[in-house]
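Starting from the structure of chain A, add chain B where the hints point.
Chains A and B, in that order, are what the protein sequence lines are.
Under this note's numbering, the first residue of the first sequence carries the number 1, and numbering increases by one thereafter.
Under this note's numbering, the first residue of the second sequence carries the number 1, and numbering increases by one thereafter.
Any given hint could be a false lead.
To be verified - Straight-line alpha carbon distances no greater than 27 Å define the calculated DSSO-like cross-link-like pairs of lysine-lysine that follow:
hint	chain 1	residue 1	chain 2	residue 2
1	A	K188	B	K36
2	A	K61	B	K72
3	A	K61	B	K221
4	B	K142	A	K60
5	B	K53	A	K60
6	B	K72	A	K229
7	B	K53	A	K61
Bear in mind the hints are in silico, worked out from the structure with no lab data behind them.
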Amino acid sequence: MAYTERLDGRKANGLREMSGKVGVIPNADGSAEFRTGKTWAIAAVYGPREVLPRFMANPKKGFIRCQYTMMPFSGTGERIRPGRSRRAQEIAMVMDKALEPVVDLTAFPNSVVDIFVELPQTDAGTRCAAITAAAMALADAGIPMRDMVCSVSVGTVDGTVVADLTYNEEAFDGHVSDIPVAMTARNKEITLLQMDGHVKKEELKIALEMARDVMSKIFDVQKKALVAKFAEVPQ
Amino acid sequence: MSNIVVENRDIVIPGDLLAEGMDYIPGDFTFREDEKIFSKVLGMVSVSGRVLKVTALSGPYLPKIGDKIIAKVTDVLMSGWRVDTNTAYTAVLNVRDATTRFVRKGEDLTGILDIGDFLVCKISNVTSQNLIDVTMKEPGLKKVEGGRIMRINCNKVPRVIGKKASMIQLIKDATGVEITVGQNGLVWLRGSAEGELKAQEVVRMIEQRAHESGLTDKLSKFLGVPKREIAPDTVPEPVVEGGEQ
Numbered sequence: 001m002a003y004t005e006r007l008d009g010r011k012a013n014g015l016r017e018m019s020g021k022v023g024v025i026p027n028a029d030g031s032a033e034f035r036t037g038k039t040w041a042i043a044a045v046y047g048p049r050e051v052l053p054r055f056m057a058n059p060k061k062g063f064i065r066c067q068y069t070m071m072p073f074s075g076t077g078e079r080i081r082p083g084r085s086r087r088a089q090e091i092a093m094v095m096d097k098a099l100e101p102v103v104d105l106t107a108f109p110n111s112v113v114d115i116f117v118e119l120p121q122t123d124a125g126t127r128c129a130a131i132t133a134a135a136m137a138l139a140d141a142g143i144p145m146r147d148m149v150c151s152v153s154v155g156t157v158d159g160t161v162v163a164d165l166t167y168n169e170e171a172f173d174g175h176v177s178d179i180p181v182a183m184t185a186r187n188k189e190i191t192l193l194q195m196d197g198h199v200k201k202e203e204l205k206i207a208l209e210m211a212r213d214v215m216s217k218i219f220d221v222q223k224k225a226l227v228a229k230f231a232e233v234p235q
Numbered sequence: 001m002s003n004i005v006v007e008n009r010d011i012v013i014p015g016d017l018l019a020e021g022m023d024y025i026p027g028d029f030t031f032r033e034d035e036k037i038f039s040k041v042l043g044m045v046s047v048s049g050r051v052l053k054v055t056a057l058s059g060p061y062l063p064k065i066g067d068k069i070i071a072k073v074t075d076v077l078m079s080g081w082r083v084d085t086n087t088a089y090t091a092v093l094n095v096r097d098a099t100t101r102f103v104r105k106g107e108d109l110t111g112i113l114d115i116g117d118f119l120v121c122k123i124s125n126v127t128s129q130n131l132i133d134v135t136m137k138e139p140g141l142k143k144v145e146g147g148r149i150m151r152i153n154c155n156k157v158p159r160v161i162g163k164k165a166s167m168i169q170l171i172k173d174a175t176g177v178e179i180t181v182g183q184n185g186l187v188w189l190r191g192s193a194e195g196e197l198k199a200q201e202v203v204r205m206i207e208q209r210a211h212e213s214g215l216t217d218k219l220s221k222f223l224g225v226p227k228r229e230i231a232p233d234t235v236p237e238p239v240v241e242g243g244e245q
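Okay, chain B solo, but in the shape it has when bound:
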């Protein structure tokens, strides 16, 4: 006999009992012990069918293949760069993954990317030891030029992006600022100086109020800009799993 002791969207802390019996399956941030399922983090329960999962409300960014992140060049290697990913682990960007042009052997790589540069890149590989490879060989991946970088809690990233990038679009419409959000919690804002400040303020606000529902509508009222419906096939950002709930 199995029974579930929590409800959807309940707040649980580590070690809290979620369900008893073998009929339920432990999902993200949960574990089974003696036919019982417990939470592993401070977070919000989400029940989907037989799978119990906890959405963490805080916590470190776990690098995943295919994630778009914003990283900072920290060192120049023999045939690539070491980049800081805002995690406990650094990543390596190979020359082949950074540029399409031919790079001679022994050429000075700082001409392409220098120490201190930020870049929008994608995680192409992660090993079990969390060694990370990144690539820039995809449309939209480039060196960060101009604007400003801000840091947010990586668990709030889906909220800042919004459902089908609705939130980003809203800020763009209101301030004219171009926004790129990295899954690792780095945000690149580029536009007019006033616009950037305004956008930064709005992103901070979303981060602080991430757990409120209907945030896009509230912000649209606050900014005085209508929420724009985006057709699914013209989505500028990938639809992020676990976005606005």
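Here chain A stands alone, though its shape is the one from the complex:
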């Protein structure tokens, strides 16, 4: 039996209900929150600041350094051990690489911008939510960027191409693939592409096309949240 109707009744290219907010951590230089369904990411940006340890400093330009953390209670009930796991380190690394092409820190050599992402609640698609929130937080911190970065996961569940998979879909009994994608908002250039599971060449093509189409919906949430912070500006 093919997967014709999604578990939560969404359309194949339907995203979960999303919301974004900027400036949620007043102590940070920039911060943002992004929610999609039950997945909830909070990002805080500090910097540009002095690089520690010193040897990591790049005298040609500043760089960004992400940290990804799932909160201990964020899963389905089993406590998630705090601290850096292999998985968290890998996600932090791919986040760096997903955001690095758009940030322009040439004016800040020998400095670093630290991005901390915490997830209070998770239901699949956490790295995508983390990247989306981090891009908003960077913009809120006033870091020069050539573009925004939006991210969503696509994939196949039992031969059907769908967008923004939930945990239940990822755990579906059958062939499942999960493909997190991040793209720049304007040129739709891919900055993150990972894959987990089995997928056919044709399905992958359709999935990427779908990611391209739905990306603008995520960008709209980002833009709305960023502009809302200054909405009361009189004309």
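Quick look at chain B alone, frame taken from chain A:
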């Protein structure tokens, strides 16, 4: 054929299209890509003639030559001090730029400025690697003595100073507190204890409501002190570019 797609004072986010065609020139926080001009930061558009510029609403302080800043001494060097500028970069203050008196070789410099002291200084040089030199050899530049230091968003500094320092003058009239604002976002308040608290509260308020127009008038009403017109030739603070809009 060139056309502009934004209006003055529009809020834009990074990557937003500002104008198409080669007739417009990209200014601060904008860049050109394939004959199109885009914004580089979250900010407010300002169009002046053919130049498109974005005024950042947040963001780090970029050290500039001639800026008056408030810095903190963090280390004593062979012939000077290392000072924290509230940026990713520290600055060096040479003995020659700190005092006019003769300093013997090997003299203990902590007698002049000690670690932890704050000072009002001016940026005399910045290199491409953002190495900063500061000086205190100008009238009005001195060690911070008494009062309190507060930190504000450096993008709101022009607003706290106000047009021709009108805002500072207003707070001074209302609370009797002497205020020195550093371009790096550090503010030095000195006066009576109650006055300092009041002034701190007012500065916080300005910071939070910086994007409202006619703020000086609103505050003058709030504080119950008339706004004072300052003649241009008796301006106590330098007129800051991009001040009250």
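If you check each hint against the structure, which ones fail?
3, 4 and 6
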